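So the protein sequences, as listed, match chains R and V.
Under UniProt numbering, the first residue of the first sequence is numbered 1, with each subsequent residue one higher.
Under UniProt numbering, the first residue of the second sequence is numbered 1, with each subsequent residue one higher.
Derived from the structure by calculation, the hints contain no laboratory data.
Keep in mind it's a predicted model, so treat the numbers as computed, not measured.
Certain hints may be false.
[To be verified] Result set (DSBU-like, lysine-lysine): computed pairs, CA atoms no more than 35 Å apart in a straight line:
1) R:LYS668 with V:LYS375
2) V:LYS315 with R:LYS724
3) R:LYS19 with R:LYS362
4) R:LYS765 with V:LYS246
5) R:LYS769 with V:LYS315
6) V:LYS375 with R:LYS710
7) R:LYS769 with V:LYS316
8) V:LYS283 with R:LYS765
9) V:LYS327 with V:LYS246
10) R:LYS668 with R:LYS724
11) V:LYS283 with V:LYS294
12) R:LYS828 with V:LYS246
13) R:LYS750 with R:LYS724
14) V:LYS238 with R:LYS765
15) V:LYS163 with R:LYS556
16) V:LYS235 with V:LYS315
17) V:LYS246 with V:LYS59
18) R:LYS559 with V:LYS163
19) V:LYS315 with R:LYS774
20) R:LYS30 with R:LYS19
21) V:LYS163 with V:LYS235
22) R:LYS662 with R:LYS724
23) V:LYS466 with R:LYS786
[What the hints assert, rightly or not] Not the full set, but computed from the structure, chain V residues with beta-carbon under 8 Å of chain R:
24) CYS82
25) ASP131
26) LEU168
27) GLY389
Glycine is no exception: its CB is placed at the ideal position from the N, C-alpha and C atoms.
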Amino acid sequence: MDCYTANWNPLGDSAFYRKYELYSMDWDLKEELRDCLVAAAPYGGPIALLRNPWRKEKAASVRPVLDIYSASGMPLASLLWKSGPVVSLGWSAEEELLCVQEDGAVLVYGLHGDFRRHFSMGNEVLQNRVLDARIFHTEFGSGVAILTGAHRFTLSANVGDLKLRRMPEVPGLQSAPSCWTALCQDRVAHILLAVGPDLYLLDHAACSAVTPPGLAPGVSSFLQMAVSFTYRHLALFTDTGYIWMGTASLKEKLCEFNCNIRAPPKQMVWCSRPRSKERAVVVAWERRLMVVGDAPESIQFVLDEDSYLVPELDGVRIFSHSTHEFLHEVPAASEEIFKIASMAPGALLLEAQKEYEKESQKADEYLREIQELGQLTQAVQQCIEAAGHEHQPDMQKSLLRAASFGKCFLDRFPPDSFVHMCQDLRVLNAVRDYHIGIPLTYSQYKQLTIQVLLDRLVLRRLYPLAIQICEYLRLPEVQGVSRILAHWACYKVQQKDVSDEDVARAINQKLGDTPGVSYSDIAARAYGCGRTELAIKLLEYEPRSGEQVPLLLKMKRSKLALSKAIESGDTDLVFTVLLHLKNELNRGDFFMTLRNQPMALSLYRQFCKHQELETLKDLYNQDDNHQELGSFHIRASYAAEERIEGRVAALQTAADAFYKAKNEFAAKATEDQMRLLRLQRRLEDELGGQFLDLSLHDTVTTLILGGHNKRAEQLARDFRIPDKRLWWLKLTALADLEDWEELEKFSKSKKSPIGYLPFVEICMKQHNKYEAKKYASRVGPEQKVKALLLVGDVAQAADVAIEHRNEAELSLVLSHCTGATDGATADKIQRARAQAQKK
Amino acid sequence: MAFPHRPDAPELPDFSMLKRLARDQLIYLLEQLPGKKDLFIEADLMSPLDRIANVSILKQHEVDKLYKVENKPALSSSEQLCFLVRPRIKNMRYIANVSCDEWAFSLLPLDVDLLSMELPEFFRDYFLEGDQRWINTVAQALHLLSTLYGPFPNCYGIGRCAKMAYELWRNLEEEEDGETKGRRPEIGHIFLLDRDVDFVTALCSQVVYEGLVDDTFRIKCGSVDFGPEVTSCDKSLKVLLNAEDKVFNEIRNEHFSNVFGFLSQKARNLQAQYDRRRGMDIKQMKNFVSQELKGLKQEHRLLSLHIGACESIMKKKTKQDFQELIKTEHALLEGFNIRESTSYIEEHIDRQVSPIESLRLMCLLSITENGLIPKDYRSLKTQYLQSYGPEHLLTFSNLRRAGLLTEQAPGDTLTAVESKVSKLVTDKAAGKITDAFSSLAKRSNFRAISKKLNLIPRVDGEYDLKVPRDMAYVFSGAYVPLSCRIIEQVLERRSWQGLDEVVRLLNCSDFAFTDMTKEDKASSESLRLILVVFLGGCTFSEISALRFLGREKGYRFIFLTTAVTNSARLMEAMSEVKA
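The shape of chain R in the complex, shown without the other chains (with noise of 0.2 Å):
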């Protein structure tokens, strides 16, 4: 371990950069990497490699393959290129491969070689071809940029939402630049380039120069640009050899560096890491790898072969024909712990623990000095964080041991950051296994995610490792195990040697009834495989109805659908799949199924209320329900129909359903109203007025009112009204037309059978005193009381209540009794109350 920092490279004074091997590669390269267009993903992403055949003069008559492998050089598809020439590979955020054809089309395929779909960069691209593209990342998502052979930029921000965006022009642009670059500044997406010693910086409305602050003179031309992973910084290589670094937004310098080669590099690359001061440019030649940044010095490796430079969020990758390796900046508390002679807190306690491990009592006097100058908190915590970044598990361990030697001796140390380092070690030595090979660092673990990374080992096919990881990191099951072998499911249903019948039964077993787990999704993939039978299958297992039913409807099963959608509760399902049956069967079958399923019936009956009235009509028919089809008939005359005979037609047809449905009562009313409405059609014609669709009491009323007496007699007899409703509809009628003296005839006419009350009520409603009292002396004696107090008569009213010797009529009167004019009244009342008592 003596030789522990034997790799680290100063650069200046207060950095260390240091190079360790991820993986030795045993990939079968059939190329050479310069030979190939290579696009490797960052965060320990794949590797696509596809030989180049048209770069070369002489037009290849062999197809090119195309080769993705792991980042651990395991081959993971390799396809025959049959397109047309591809000009420039990238990877987007999801780890779709991005294909861009000379002609403008890219092609999308999957980790695994499947093919995805295709687009197109537009018409101005496929005329004028593409000399150039770039992949890029944005928040949004994967951009495209292309540069065309006229020279003029296209580009889309986000693939997934494609909008293809034109660049202004360049003014003066001859020849393609000699180098550019997309950058993303402010959420949105320019294009820096080059051209001689002019710099332009294109938006999407404008080309405006730009010129770098501080750049030493005599640049003619720019070599290579490079933006660092989060769009912040940027590096220009110049034909002088010299490198000027800066803020991206080309407002500030951030230092200069003159290497001496003048020869283009052929690859250069930002090195930095998140939240460091130090900022350092990777550059490659054939042969040489150079780190540069505010330093005098650079740090210089021999490349002894071919390799190929990779960005990452805090360091860069390299990989060639043999070795896989990570360049990044030693972190700070990596650099405390390890640099040489340290007296850190954290480099005092891991030399504790070593001594301790030894038996030795060097072990207390480390820990001693530390608890001396109380850093054993500090020291813990340097520890942790310094095993996150070491990328042998031996060195992990040690850091962490050292960790949890140095908490036995505080009392309150919080554990949890101990807890996770240990978790995501584990998690991160498990993916960074040569077999899985995503070697990803502790910081970009962080910026990834756990649900990201679990995605992309799900896109890997890595299921049981996924799901192991959930189940140890205890991540809900929704978020984690569910998800997981739902992904598992929709890969299952693909496999199309495996019969129906397994393929539902294995994932049902594996499945169950976990929580989270869309059987209606992964049903709709098998579907969308061409397997509708394993589809209708699986959706048996799942237990939300309503998620069965677009499904079913979509592959034509209707009439299940329907029940599924009545089982689920929802009508507004309901309602969807009915006007797909409705479409899709003739009438009859459609009315068959409506008749067993009630629930459906009803909804449609209310639709066809509204929307159409004689299909309800036709439903009603089919179910032989006579009472309904009367009812509808009967609206239709109120509704439907507006000259008199229509009307008379509809009622009848209402009436002949009523008979057949044997409601006479409603028949007879039906036909009475018949001949109502066709007497008050003849009455408008004879006499005028308004007749029409009075009730048969406000028709005779309304005679009345007209002084048509006989005629209102005759109606009364031809319709049988009863006797007490002709004498209440006469005496208000004729209380209303104040005719008081048909209105004493009317009553001396017969007995009244509504008694003479209701006559001293409608005469005082009038206000007409004189005329009551008249009727008041005819009321019978058990409503005398009432009658008289009516018309104020108390005095008389009291008399007879006392004849009565009716206790509740004597206390009417009482109440009745107001003031001094009623006082003599009061008294006898009192008077006749207690001699009753007395008795």
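Use these hints to put chain V onto chain R, whose structure you have.
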């Protein structure tokens, strides 16, 4: 007066959250349409919308003009039209080519203890047309409540719709479990009840102040329009009626006969408080003006409004011979003098007093008597058609279907109907079976239920309406509301045990359920909070009766109803009016 709650009565949950939720969602939806837009609102959503987001909030989110949705194509000059409608077929015809978003507004808190779904059509749609489309909405509303206020440890219900709603809701909970799990329940019990379990109570005239105001002036969405006859000026006034109105809060649950006395006492007190001014020095006066005067003035204003309302009610009621009407109703409830009541109804019809009232009395007669005897059934209907127009033939058909107005079939015992059903089962027409079942349910058995549940209190002497002794006070001491009695009995037993006979008589043998969770996380406080869900509407009398029960037993009731209803609304829902 205005009985205070027992000191141990639990606090009500804060339901204003529901309003905020609905408002935020509406704003979110409006913001999905950036730029100026015209908003078209369906007529029956206007009042609820007003309670949730006023015009200035709408304007803030670039709503330019407001229109009412009418049954004709929308005319507007704006480029963006936004429609706020209930999902109904008839208006969608005029709104074509739109993209839809759902405004998940289902619950409007009308008061601290009253949540309304503002779905008056639920009653007709479900109980008449058999349309189950709103049941899902109910289930979603319950789901929302349980996500916000924790799960309900004890669930009871009665009625076919109650059961369906309950099961749908359970499914929703299962689909999204995890969310409510582990939450402490705030509301200990939930009771779901179908309106058709108790039509009688809803058909009675209301005599408790709030109910009477509803019957007389129609409370709409928690507020009422008092006309000039009440406000004693020439304008009508829209008044919010809820617990915030201090005067109203004290009289809302009172029998009407007490209200006038209470209000005049209150007026005297108020005067006395005003009079205190006289002996004040400047400083005291300053205090009085700055602190008390405003409150007094407010109280004064409310007081005069409610006195005005009372006077107006009295005037209307004496005109219609209210006493006579109430007497008849009580006779029907108690089941004596049936002939006399029938003649009264006949006279009512002959005199064309009011189509809705006449209908209501007929229904009350039918339900309390297990249907009308055939002679009366025919003659009353004939009289009614002659008085109010032949189109009511359809109304009668509706009422029969809903079981509100039926004919006693001679010798039609339950077994006879059952055999009819079994014959139908063998028939291929499966659709008819449900009809047959519903006709089976039409036997109301009110008399027997009333006896079993002791709904007509024995009266020893005068019933003191000032100091009610049971829930019957809401009907002048003559009748304990059936719905409330059922709730009381079930809560007492914590199940339907011992109520089998009642359940059978209610024709709900298959639709009475209890569901209790074992977990005992519910606090004793929450166990005294009861959410009562009325499917098809509840009346203010029922609310008052249960509030009374709550005070007696130390419970607090929370009411969730598809809409607040009364007898007139029920009858109108069943009536067919010429288009």
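Chain R contact restraint on GLY389 (chain V) - CB to CB distance below 8 Å: 4 Å, holds
Please check whether LEU168 (chain V) passes as an interface residue: C-beta within 8 Å of a C-beta belonging to chain R. The hint holds - LEU168 (chain V) has a Cβ within 8 Å of chain R, the shortest such distance being about 4 Å.
Straight-line alpha-carbon gap LYS668 (chain R) to LYS375 (chain V), limit 35 Å: 15 Å, holds
Is it true that the CA of LYS327 (chain V) sits at most 35 Å from the CA of LYS246 (chain V)? 33 Å, holds
When you check the alpha-carbon spacing of LYS283 (chain V) and LYS294 (chain V), does it fall within 35 Å? 17 Å, holds
LYS163 (chain V) paired with LYS556 (chain R) [C-alpha distance capped at 35 Å]: Between LYS163 (chain V) and LYS556 (chain R) the Cα gap is close to 32 Å, so the pair holds against 35 Å.
Are LYS668 (chain R) and LYS724 (chain R) close enough, with their CA atoms no more than 35 Å apart? 22 Å, holds
Sort out whether LYS786 (chain R) lies within 35 Å of LYS466 (chain V), counting only the CA atoms. Answer holds: LYS466 (chain V) to LYS786 (chain R) is near 30 Å, not above 35 Å.
Does LYS724 (chain R) lie within 35 Å of LYS315 (chain V) when you go C-alpha to C-alpha? 28 Å, holds
Does ASP131 (chain V) hold up as a contact with chain R if the rule is Cβ-Cβ below 8 Å? 5 Å, holds
Is the Cα-Cα distance between LYS765 (chain R) and LYS246 (chain V) 35 Å or less? Cα-Cα ~39 Å, so violated.
Hinted pair, alpha-carbon criterion (35 Å max): LYS19 (chain R), LYS362 (chain R). Please report holds or violated. 33 Å, holds
The structure does not agree with the numbered hints 4, 8, 12, 21 and 24 stated previously, though it agrees with the rest.
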